[in-house]
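S.K.: Model the full assembly from the supplied sequences, consistent with the hints where possible.
Number of protein chains: 2
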Amino acid sequence: MKNAFYAQSGGVTAVINASACGVIETTRKHPDKIGTIYAGQNGIIGALTENLIDTSKESSADIKALKHTPSGGFGSCRYKMKSLETNKAEYERLIEVFKAHDIAYFFYNGGGDSADTCLKVSQLSESMGYPIQAIHVPKTVDNDLPITDNCPGFGSVAKYIAVSTMEASFDVASMAATSTKIFVLEVMGRHAGWIAAAGGLVDDSIPVVILFPEVDFDEKKFLAKVDKNVKEFGYCTIVVSEGTKWPDGRFLAEQGARDDFGHAQLGGAAPVVANLIKDTLGYKYHWAVADYLQRAARHLASKSDVEQAYALGEAAVNMALEGKNSVMPAIIRTSNNPYTWKIGSGELKDIANVEKMMPTNYISDDGFGITDTCHEYLQPLIEGEDYPPYKNGLPDYVVMKKVMADKKLVPFEV
Amino acid sequence: MKNAFYAQSGGVTAVINASACGVIETTRKHPDKIGTIYAGQNGIIGALTENLIDTSKESSADIKALKHTPSGGFGSCRYKMKSLETNKAEYERLIEVFKAHDIAYFFYNGGGDSADTCLKVSQLSESMGYPIQAIHVPKTVDNDLPITDNCPGFGSVAKYIAVSTMEASFDVASMAATSTKIFVLEVMGRHAGWIAAAGGLVDDSIPVVILFPEVDFDEKKFLAKVDKNVKEFGYCTIVVSEGTKWPDGRFLAEQGARDDFGHAQLGGAAPVVANLIKDTLGYKYHWAVADYLQRAARHLASKSDVEQAYALGEAAVNMALEGKNSVMPAIIRTSNNPYTWKIGSGELKDIANVEKMMPTNYISDDGFGITDTCHEYLQPLIEGEDYPPYKNGLPDYVVMKKVMADKKLVPFEV
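Heads up: the protein sequence lines correspond to chains S and X, in order.
Residue numbers are given in our numbering: position 208 of the first sequence equals residue 208, and the series is strictly consecutive.
Residue numbers are given in our numbering: position 268 of the second sequence equals residue 268, and the series is strictly consecutive.
Keep in mind that the hints are not guaranteed to be accurate.
Note: identical chains are not told apart, hence a pair may lie in one copy or across any two.
As the list claims (entries may be wrong) - Taking lysine-lysine pairs in the DSSO-like style, the calculated list, with each CA pair at most 30 Å apart, reads:
1) K303 with K391
2) K245 with K225
3) K342 with K33
4) K391 with K64
5) K349 with K33
6) K221 with K407
7) K303 with K64
8) K303 with K29
9) K82 with K278
10) K402 with K225
11) K356 with K284
12) K29 with K57
Bear in mind the hints are in silico, worked out from the structure with no lab data behind them.
M.R.: Right, here's the structure in full:
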C-alpha cells in the first residue's frame, strides 16, 4: 500500500481548503488502498525540501473544519518548476522524496501553471521510470482553466464582489443628494475580467460601470457613461479590474506619479479612475481596493463553490483509485436553470498552459457591462450561503497542527 | 393626534435602517397616539424642502426588511443647520413644514453634529414658540458619542474589520514563505482609532500592528516592529487608520505626489505604509482599502449591533410617548461577561458637540495594539451574527417605495 502527497499551489482562495478536506477525508475512507497522505509544507517546496506534514496526525474535526477555513491550511507557494531539461535535479529530488516516503499518488491543487507542473510529474513514470499517478485539483480565483465549467475559488470571489458592489451602491445611493456620487471598487484579475464581471450581477436598478482588462480604457466614452448614470440615477458605481489598460497598453494602476522624494508611487486603478472623474465631472467620490479580502472572504463563500471544491478533491482521490494519471476532475454544467452539474475530467495535456479567456459575447456592446449570456453563466456560481461557525464574534477557522514527517534525506536547496 | 418626522443624517451604516425600523414599527403600535410618520427624503433637507416620504404607504414587510438592509432607506445628507442666530429662516421654514403637516415629534438619527441640530429643534418651543418633542437616535460608525456605551453602526464595522483582518492574515500566512509577507488594511476613522482598534480583536497568534490617529506615526519604531513580526511569524498584518498622522501633523494619506499632468495624487494611507515597508525592509506586500465596504457590510453585521440599533429606535418613540424632549436613548452596559445592557438616556445638551475619544488606556504602551481593557470593551460589540435573507445569491435588501406626501407650501431653497 502506497502513500499520497498533496500540495496547494499559487494564490490561495476561500475554498482551496475545502478541496484539501475532500482529498483527505476521501483518502481516509480507503485505509486499505492509500496509506498516509503527506501535505507539502508551502506547496511543492515542501516536497523538494522534504518538509512533509503528516496529515494523519490531524484530527477528523480539524480536517472537517478545513471545509470552512479560507487560505492554504498547509501553506502554498509561488514556485514554478522549470522544464525537465532545464532543471532535471529538481525532478530527481522529487523522485527521491517520493521513494523515501513511499509516495505513489500526487495531488496538486492549483491553477494553470500548477497544472503544468502536475503534467510534468505525471510523466515521471515515462520520463524517469518512477511510477506515480498525478491528479490535478483545479483552483483559481482567476477562473481561467479550460474544460471545467468554473474554477473553485472563483464563485466565492464573485459573490463577494457582487455583494460588496450592491452594499456600497446602496450606501452611495443614500448619500448622493448632498455628498458622494461616485464609488469605485477595484477588483482582482490582471489578465481577464471574470471577477470584474461579477459586479454586473447586481440588480439593473443599480447603475454599475465595469472596466474590463479585455477592453481598452476609452476615457471619453467612460466619462460620458458615468455622467449619464449620475444624471439618471443620482450616482454611479464603477467596478474596475486591476488589469484595465490605457489604449497604449499601460495599466491604469501605473500612475507615473512620484512622491516628495521622487519614488515611483504605486497606486491602484481605483484612485486613478476616481480622480479622473473628479477632475473632469467634479463629482465627489469614494474608492475601495478589495485585494486579498475578496479571495479570503470565507465568511461570504458561495455554497455552490464550497460544494464543488470539496467534490473535486473527492473526485481526485477516486480517480487515483481508478488508476488514472495526468488528469484533472472538472465541473461539467448539465443545466443552467436550475443549475445542475456533475464531475467530469480532462487530460492535463489539454489543460496545462491553456488560459480560458472571457468569451467576447460576455461583455456588452458598449464594453461597460455584462451580457445576459454572461449573467446566466455567472449567476449559479454565487448561489447559496455556507457560513462558517463563529466563536466570540469571529469565524472559528482551523489552524493545522502541522506535525512533520521525519526527514530521511539530506537537505536540498530550492 | 399629531404626526411625527424621522430623518437619517450623515454617513450611513449597516444598521441605521434597523433604527428606522424600530421607530416606525413602534409608532405603528400606537395608532391612537401618533398619526403618520413622515421620513425626510435625504435627511433634514427633506424637511426643509417639504419632501416628506409618507411611511404609512410602505408595507409592514418592507418596513420589517429595513432591519436587515444597510444604507439609509430614506436617503441621508451631510447638511449641518447653522445656529438660530445665523440662519433663522431655516428654523422658521422647519416650523412652517411641521405646522403644515401637523408634526409634533421629531426623531433625528445621526451622530454628534446631528445631535446638535436635534438639540436646536428641541428648543423651538422655547425659542420660537412651536411645541415639538425632539429625540435623537444615536448612530455613527465613529463610535464617538458620549453617554451611550457604543454607537449603532460601530459594532458591525468592528466585526467587518476584525473578520477581514483575520481572513487576510490567514491568506498571507499561507503565502509568506515565497511571496507576500505584508498585508496593509486601511480603515475609517479620521479622528479616533475606534475602528482601527477592532483589528486587535483577532487571536494573539496573528501578528497585527495597528496605526491609530491618536499616536503620531513613528516610522523607525514601526518598521522595527513589523520586521520583528516578520522574523518571528513569517508575516505581518497592519491595520492603518485613515487618520494616522506624521509627527508634523500631516496625514499619511497626503502623499504629496503628482501624476504625469501635475495633478495632486490622492492615495490613501495603505499604499504609503506598504511602500515604506517595501523600500526599507524589502518585503513583498499587498494592501486593501475597505472604505464604504466596511460600513455597508450588512451581510456581516454584528447581532448585538442590530439589536441595539432597533432597540434605540423603539426607545426613542417610547420616550416621545412619555412626553420627553431634548433627549437621546443610550445603551448602558450593565455587565461585561456575559455582556448585558439596558436602555438609558442622556440630555442632548450633554451630547451635542461632545466627542468621546478612545481612552488612553485602550492603546498598548508601544502604541501599536489594544490593551485587555479595550478588548473587553470591544469584544461584546461584535458578538453574534444576523444574516440577511438571500435571493439569487445576493442579499434581499429592500428599497422603499417612497410615496411622497402632498406638498402644501411654496418651494424653499437649501
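S.K.: It remains to establish, for every hint, whether it holds in the given structure.
M.R.: Evaluated hints:
1. K303 with K391: both (21 Å within a copy, 13 Å between copies)
2. K245 with K225: Classified as within; 18 Å inside a copy, 37 Å across copies.
3. K342 with K33: Cα proximity of K342 and K33: one copy only (25 Å, versus 60 Å across).
4. K391 with K64: both (17 Å within a copy, 28 Å between copies)
5. K349 with K33: Intra 27 Å, inter 76 Å, cutoff 30 Å: intra-copy only.
6. K221 with K407: neither (61 Å within a copy, 40 Å between copies)
7. K303 with K64: Both. Shortest intra-copy (16 Å) and inter-copy (26 Å) distances satisfy the 30 Å Cα cut-off.
8. K303 with K29: This pair counts as within: shortest intra-copy Cα distance 24 Å, inter-copy 39 Å.
9. K82 with K278: between (47 Å within a copy, 28 Å between copies)
10. K402 with K225: Classified as between: cross-chain Cα gap 27 Å, same-chain 53 Å, threshold 30 Å.
11. K356 with K284: between (38 Å within a copy, 28 Å between copies)
12. K29 with K57: For K29 and K57, the Cα distance is within 30 Å only inside one copy (16 Å; across copies 59 Å).
When held up to the earlier numbered hints, the structure conflicts with hint 6 and nothing else.
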